[in-house]
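Colleague: Using the sequences provided together with the hints, build the complete structure.
The sequence shown begins at -1 in the numbering used here and counts up one residue at a time.
No lab work stands behind these hints, which were simulated from the structure alone. No experiment lies behind these values; they were computed from the predicted model shown. Here a beta-carbon is modelled for each residue, glycine too, at the ideal position from N, C-alpha and C. Heads up, a few of these hints could be off.
To be verified - Okay, derived cross-link-like pairs now, DSS-like style, lysine-lysine, Cα gap no bigger than 25 Å in a straight line:
1) K138 x K14
2) K138 x K86
3) K29 x K86
4) K138 x K29
5) K23 x K117
6) K23 x K138
7) K23 x K86
8) K29 x K52
9) K52 x K86
10) K138 x K52
11) K117 x K52
12) K52 x K14
13) K117 x K86
14) K14 x K29
15) K14 x K117
16) K117 x K29
To be verified - DEER-style ranges, computed between Cβ atoms:
17) K14 x G59: 39 to 47 Å
18) T131 x S61: 24 to 32 Å
19) D83 x G59: 13 to 21 Å
20) A105 x G54: 32 to 40 Å
21) L90 x K14: 16 to 24 Å
22) Y55 x K14: 16 to 24 Å
23) D45 x K14: 39 to 47 Å
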Amino acid sequence: MLAVLTLAALTVACGKSRSFTVTLKEPNVIKIVQAALDIAQVDLPLDISGVDIKDGYIRVGGSYTGEDGATTSGVVDLTLRVEDDELKAEVLNVDITGVELTDEQIAGYNTILTTQFTKAATTVPGVRIEDVTIIEDAVKIRVRVGLSE
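Modeller: Below, the structure written as structure tokens:
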């Protein structure tokens, strides 16, 4: 990813426009989702044990310790899409025994996830997100750096 960011910075400095693909593998996705969970800890208290990147969605697995001290396992499924040149994250499913989230809580988590994934893909100025693809082992985010063509 550092090579992509270096090329992106050089592209911006030269006044050119170019597309790059930022590839996020499972360790990157875990860090991004964990950062989002840390921000939203009250809303979605899941200790992540791993992620499983499937075609079209990401399954986050982990455990939850309830107020009674009992620990249960659970999963959160999420997806990413591009809408109006912006990355959007969306929680598709929350299956954690004893946890009920309101639509407002899920919307808030979607916003936090969107911010974290966008930061991972656009760490230099002048970046526009063109596309996102979730495949079996990675999240691929195509970005355009520099002037619009």
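Colleague: So, for every hint listed, does it hold in this structure?
Modeller: Hint-by-hint comparison with the structure:
no., hint, verdict
1, K138 x K14, "holds, 22 Å"
2, K138 x K86, "holds, 14 Å"
3, K29 x K86, "holds, 18 Å"
4, K138 x K29, "holds, 16 Å"
5, K23 x K117, "holds, 15 Å"
6, K23 x K138, "holds, 9 Å"
7, K23 x K86, "holds, 18 Å"
8, K29 x K52, "holds, 17 Å"
9, K52 x K86, "holds, 18 Å"
10, K138 x K52, "holds, 12 Å"
11, K117 x K52, "holds, 22 Å"
12, K52 x K14, "violated, 35 Å"
13, K117 x K86, "holds, 12 Å"
14, K14 x K29, "violated, 31 Å"
15, K14 x K117, "holds, 22 Å"
16, K117 x K29, "holds, 12 Å"
17, K14 x G59: 39 to 47 Å, "holds, 42 Å"
18, T131 x S61: 24 to 32 Å, "holds, 30 Å"
19, D83 x G59: 13 to 21 Å, "violated, 32 Å"
20, A105 x G54: 32 to 40 Å, "violated, 21 Å"
21, L90 x K14: 16 to 24 Å, "violated, 38 Å"
22, Y55 x K14: 16 to 24 Å, "violated, 35 Å"
23, D45 x K14: 39 to 47 Å, "holds, 44 Å"
The earlier numbered hints that this structure contradicts are 12, 14, 19, 20, 21, 22.
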